[in-house]
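Student: Okay, here's what each chain looks like letter by letter:
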Amino acid sequence: MHPAPSVILFTTLSGLGFGLLFFLGLGYPGSTGWVAFVFFALAYLLAVGGLMASTFHLGHPERALKAFTQWRSSWLSREAWCAVGALVVMGLVGLGRVFFDTHWMALGMIGAVLSVATVLTTSMIYTQLKTVPRWNTPITPMLFLSYSAAGGALLAGQIDWARILLCIVAALQLAWWIAGERALERSGTSLATATGLGPIGTPRAFEPPHTGSNYLTREMVFVVARSHAKLLRLVAVLFAFAIPLVILTMTFNHTLAGVAVISHIAGVLISRWLFFAEAEHVVGLYYGQR
Amino acid sequence: MTLLPEKTDRKLGLVIDLDTCVGCHACVISCKGWNTENYGAPLSDQDPYGADPTGTFLNRVHSYEVQPEEGAAQLIHFPKSCLHCEDAPCVTVCPTGASYKRAEDGIVLVNEADCIGCGLCAWACPYGAREMDSAEKVMKKCTLCVDRIYNENLPEEDREPACVRTCPAGARHFGDFADPSSNVSKLTAERGGMDLMPEQGTKPVNKYLPPRPKDTLEMKVSGAPPLLTPIAEEPKGFLGWLDRTLGQIDGNKTGGR
Ligand code: SF4
Ligand code: SF4
Ligand code: SF4
Chain A
1 MHPAPSVILF TTLSGLGFGL LFFLGLGYPG STGWVAFVFF ALAYLLAVGG
51 LMASTFHLGH PERALKAFTQ WRSSWLSREA WCAVGALVVM GLVGLGRVFF
101 DTHWMALGMI GAVLSVATVL TTSMIYTQLK TVPRWNTPIT PMLFLSYSAA
151 GGALLAGQID WARILLCIVA ALQLAWWIAG ERALERSGTS LATATGLGPI
201 GTPRAFEPPH TGSNYLTREM VFVVARSHAK LLRLVAVLFA FAIPLVILTM
251 TFNHTLAGVA VISHIAGVLI SRWLFFAEAE HVVGLYYGQR
Chain B
1 MTLLPEKTDR KLGLVIDLDT CVGCHACVIS CKGWNTENYG APLSDQDPYG
51 ADPTGTFLNR VHSYEVQPEE GAAQLIHFPK SCLHCEDAPC VTVCPTGASY
101 KRAEDGIVLV NEADCIGCGL CAWACPYGAR EMDSAEKVMK KCTLCVDRIY
151 NENLPEEDRE PACVRTCPAG ARHFGDFADP SSNVSKLTAE RGGMDLMPEQ
201 GTKPVNKYLP PRPKDTLEMK VSGAPPLLTP IAEEPKGFLG WLDRTLGQID
251 GNKTGGR
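In the order they appear, the protein sequences are chains A and B. The numbering of the first sequence is the working numbering, which starts it at 1 and goes up by one. The numbering of the second sequence is the working numbering, which starts it at 1 and goes up by one.
In short, the hints are calculated from the structure, not lab data. Wrong hints could be hidden among the right ones.
Think about it this way: if two alpha-carbon atoms lie no more than 30 Å apart in a straight line, the pair counts; the simulated BS3-like pairs of lysine-lysine are [to be verified]:
#, chain 1, residue 1, chain 2, residue 2
1, A, K230, A, K130
2, B, K137, A, K130
3, B, K7, B, K203
4, B, K186, B, K7
5, B, K186, A, K66
6, B, K203, A, K130
7, B, K236, B, K203
8, B, K203, A, K66
9, B, K7, A, K130
10, B, K137, B, K32
11, B, K203, B, K32
12, B, K203, B, K137
13, B, K236, A, K66
With beta-carbon atoms standing in for the labels, derived distance ranges [unchecked claim]:
#, chain 1, residue 1, chain 2, residue 2, range
14, A, T55, B, D215, 53 to 61 Å
15, A, R290, B, S181, 54 to 62 Å
16, B, A135, A, K230, 49 to 57 Å
17, B, D147, A, L174, 35 to 43 Å
18, B, N153, A, R290, 46 to 54 Å
Going by beta-carbon spacing under 10 Å, a handful of chain A positions derived as facing chain B [as the list claims (entries may be wrong)]:
#, residue
19, P29
20, S31
21, H60
22, Q70
23, W75
24, R78
25, E79
26, T131
27, P203
28, M220
29, A257
30, S263
For glycine and all other residues, C-beta sits at the position ideal for the given N, C-alpha and C.
Chain A on its own, in the form it takes in the complex (with noise of 0.2 Å):
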C-alpha cells in the first residue's frame, strides 16, 4: 500500500492523542490548573491534529459529515462517531480539572473507554480488510492500542505503566511482523485464484492492461525494497523501544524525558510507514506484483 504521510500522521499522532486522554480520563496525572491544562492541550493537539491530517486525503472533505452515517456497516463511521465522542466528553473532563479544580471520575471513565474506543476502530478500519492479509490479523488491533497505551503513558509521566507497555508493544510489533512474512500466502490468495487459470497452469502476468501508472497501481502496488524494510525495521525499534526504555531506566529529568517521548514518537513513524509500505494488496497480483 502506498505510505500517504497524511494517514501516518494521522494514526501516530491520534493514536498518542487518545492514548494521553486514556490515562488523563483515569485521571493519571491528576494534577489541575494550568498543570492540567498543558496536559490537555497538548493531547488536543495531538488527537485533533491527526484527524485534521486524515481529511487531506480526502477527495471532498466538504462532505465530511456525511461519514456520521453509516455506523451500523462501516468502522469508518464508527470511528468518526467514537472520535467526536471521546473529545466532547473529555473537553468536558478537562474543564472541570482547569477550571473547576475537580475530576469528574464517572465522566472520566466513560472519556477513557471512548478514547479506548477511538483507536481500536481506527485499528478494524484496516484490520477488516482481506483484501490486505498482512493487515488482517487481529495482532493488529492489539498493536495499535498498545502502542496507544504506551505512547500515552509516556506523555502521561506514568512511569511503571510506560516501562511495562512498551515492552508489550515491542514484543507485539515483532509477533505483528513475524504474522506478517507469510500472511499473504496463508490467505490463500494468489495469481492463480485471481485469474481462476490456476487449474490450467502457472500463470503469470504478460503485458498490462495499460503502459503507465493508474489509480490501483499508485494506491495499493507499491514495493519497499526487503534489505530497506529490515534495516527500517531495526531502527524503528531501536528508536520506539529501546532508547525510551533506557532512558526510563535512569533518575528522571525533564530533558531526558523529552528526549525519550521524541524519540518514541520517530520510531512510531517509522513503524507505521512499514505498516503501509509492506502491506501488499492482491490487487497488486494482477500487475504480476506480491
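Given the coordinates of chain A, assemble chain B with the ligands onto it according to the supplied hints.
Tutor: Here is chain B with the ligands on its own, set in the frame of chain A:
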C-alpha cells in the same frame, strides 16, 4: 445505505469468456466512451498526450501467459470490470452510504454526491474494480451500464452494457443469474463458469468461462486427409557421426528433422 440487501430480486451481471476474448480492448474504449458521456462524473485523463499519461477506466484488459505442466504456453486475455459481488466488501466499508447494492437487481453503484473520496472502498475490493477519478475526486466504478439496460430511449438491441454490445468476439454476455433459464446461467452451467478469488468470500455475480483445451497436432480433423509423416529420418552411419559431431560444435543437430 451500506448494509447489504439480504437478497436481491434479480442478479444482473456479466459472463466473460476467456476462450473467445481476443484482447482487442474494444470493450475498454466503448466503456470509457459511454460512461464519460453519461451517468455521473466523466472519466478523466491526466496528461493524455504527454510523457506520463494516466486516466480512469471502469474496465481493463490484462493478458496472462499460462504454462501447463506439459506442452506449449497459452496466452489469455483477461477483461476485468466490477463483478457486482453479492457480499460486496466495498459497500459495507463505506462511511457515507455513497456505495450501495441495489435490492432490485443487485447492481453495485456509487452515489457520487455523497462520496467523500476516502478511497476505502477501493482498498476493500480485491479485484481493482474501483478507481478514484483524479479530476472529480469521487469513486468511479462499472455501473453495469444502468443507464442503458433500462433505457427506453435506446433501440432495443442497444439496451445492454456498452462493452457487451461492442465486443467483436462475443466474449461478454449480459443477463440475470437469478434466472436459471437465462443465457448467462446456461453458459455458466455448460462451460463451468468460475468465480475469481473465491477465497476472498465476496461471492462475485460475474462469472468467467475458462479457456477450452487447445487442439493438438496429432488430432485428426474428420474429412481431411491424414497428417503427413515426416520423411527425413535420423541419419545413420557416417552421416550420423557427422551430425553428432557437428551438433557438439554448434549445439544444434543438423540434418534429420
Ligand atoms: S468487484 Fe469490487 S467493486 Fe465490484 S462489487 Fe465486488 S468488491 Fe465491489
Ligand atoms: S470513496 Fe466514496 S464510495 Fe468509496 S468508501 Fe469513501 S465515501 Fe464511500
Ligand atoms: S457494463 Fe458498462 S460500465 Fe461496466 S464494464 Fe461494461 S461498459 Fe463499462
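Student: Does each hint hold? Answer for all of them.
Tutor: Results for each hint:
Proximity of A:K230 to A:K130 is assessed by CA-CA distance (about 25 Å); at most 30 Å being required, the pair is judged to hold. Distance hint between B:K137 and A:K130 is fulfilled; the C-alpha atoms sit about 25 Å from each other, no more than 30 Å. A C-alpha spacing of about 13 Å is found between B:K7 and B:K203, which places the hinted pair at or below 30 Å, so the restraint holds. The straight-line distance between the Cα atoms of B:K186 and B:K7 is roughly 21 Å, inside the 30 Å bound, and the hint therefore holds.
At most 30 Å may separate the alpha-carbon atoms for a hinted pair to count; B:K186 and A:K66 exceed this at roughly 42 Å. A C-alpha spacing of about 14 Å is found between B:K203 and A:K130, which places the hinted pair at or below 30 Å, so the restraint holds. A hinted pair counts as satisfied when its Cα atoms are at most 30 Å apart, and B:K236 with B:K203 does not qualify at roughly 62 Å. Between B:K203 and A:K66 the CA atoms are separated by roughly 28 Å; this keeps the pair inside 30 Å, and the hint holds.
The hinted pair formed by B:K7 and A:K130 meets the criterion: a straight-line CA distance of about 23 Å does not exceed 30 Å. Proposed proximity of B:K137 and B:K32 is supported: the alpha carbons are some 17 Å apart, at most 30 Å. The suggested pairing of B:K203 with B:K32 holds, with an alpha-carbon distance near 26 Å, which does not exceed 30 Å. Our distance criterion of 30 Å between C-alpha atoms is met by B:K203 and B:K137, whose separation comes to about 28 Å.
The hinted pair formed by B:K236 and A:K66 fails the criterion: a straight-line CA distance of about 85 Å is larger than 30 Å. Between A:T55 and B:D215, the C-beta spacing of about 59 Å keeps the proposed range 53 to 61 Å intact. Judged by the Cβ atoms, the range 54 to 62 Å given for A:R290 and B:S181 is violated: they are separated by roughly 42 Å. Distance hint check for B:A135 and A:K230: the Cβ-Cβ separation is about 40 Å, which falls outside the suggested range of 49 to 57 Å.
Distance hint check for B:D147 and A:L174: the Cβ-Cβ separation is about 53 Å, which falls outside the suggested range of 35 to 43 Å. B:N153 and A:R290 have their C-beta atoms about 47 Å apart, which keeps the hinted 46 to 54 Å range intact. Taken as an interface hint, A:P29 does not check out: its beta carbon lies about 35 Å from the nearest beta carbon of chain B, beyond 10 Å. Because the beta carbon of A:S31 sits about 37 Å from the nearest beta carbon in chain B, more than 10 Å, this interface hint is broken.
At its closest, the beta carbon of A:H60 sits 5 Å from a beta carbon of chain B; the interface hint therefore holds under the 10 Å criterion. Checking A:Q70 against chain B: minimum C-beta separation of about 5 Å stays under 10 Å; hint holds. A hinted interface residue such as A:W75 counts as satisfied when its beta carbon comes closer than 10 Å to some beta carbon of chain B; here the least separation is about 7 Å, so the hint holds. Because the closest C-beta pair between A:R78 and chain B is about 9 Å apart, less than 10 Å, the hint holds.
The restraint placing A:E79 at the interface with chain B holds, with a minimum CB-CB distance near 8 Å, inside the 10 Å limit. At its closest, the beta carbon of A:T131 sits 5 Å from a beta carbon of chain B; the interface hint therefore holds under the 10 Å criterion. Annotation: A:P203 was flagged as interfacial toward chain B, and the flag holds, the nearest CB pair being 5 Å apart, inside 10 Å. Satisfaction of the interface hint for A:M220 is found here, the shortest Cβ-Cβ separation to chain B being roughly 7 Å, below the 10 Å cut-off.
Given the 10 Å rule on beta carbons, the hint for A:A257 is violated: about 37 Å separates it from the nearest Cβ of chain B. Nearest Cβ of chain B to the Cβ of A:S263: about 31 Å, over the 10 Å cut. The hint is violated.
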